[in-house]
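Heads up, the working numbering is the position in the sequence shown plus 1337, with the first residue counted as 1.
Hint data in this document are derived by calculation from the structure and do not stem from the laboratory.
Beta carbons are placed, not taken as given, at the ideal position from N, Cα and C, and that holds for glycine.
Computed spacing ranges between beta-carbons, pair by pair: (1) Met-1358 / Gly-1398: 18 to 24 Å; (2) Leu-1415 / Gly-1394: 26 to 32 Å; (3) Tyr-1383 / Ile-1345: 17 to 23 Å; (4) Ala-1417 / Ile-1368: 15 to 21 Å; (5) Pro-1359 / Pro-1393: 32 to 38 Å; (6) Pro-1393 / Ser-1361: 38 to 44 Å; (7) Ile-1345 / Leu-1384: 18 to 24 Å; (8) Arg-1418 / Glu-1395: 32 to 38 Å; (9) Ile-1400 / Ile-1341: 17 to 23 Å; (10) Phe-1367 / Val-1416: 19 to 25 Å; (11) Leu-1415 / Ala-1392: 28 to 34 Å; (12) Pro-1393 / Gly-1366: 32 to 38 Å.
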Amino acid sequence: MGIIWTIIIGFIAGVIAKFIMPGSNEPSGFILTTILGIVGAFVASYLGQALGWYAPGEGAGLIGAVVGAIIVLFVWGLVARRR
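Whenever a hint applies, use it, and build me the whole structure from the sequences.
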């Protein structure tokens, strides 16, 4: 059940992040939006553990996943502009 829950939260976080930070060079589609949210959750979990906000093994929630997805979209925009 953990994988399914992660995919659902990842999709919701990806949709919210794309709504907050729209752009023409953003990844689109169901699969890429879900991957964006899942990667955002991993980024938020890693940064939160590095800063001491989360205990080891504890993951970020929906808000953390959205913030992580926004960070990923920002980096994606920087990389897309250089091309």
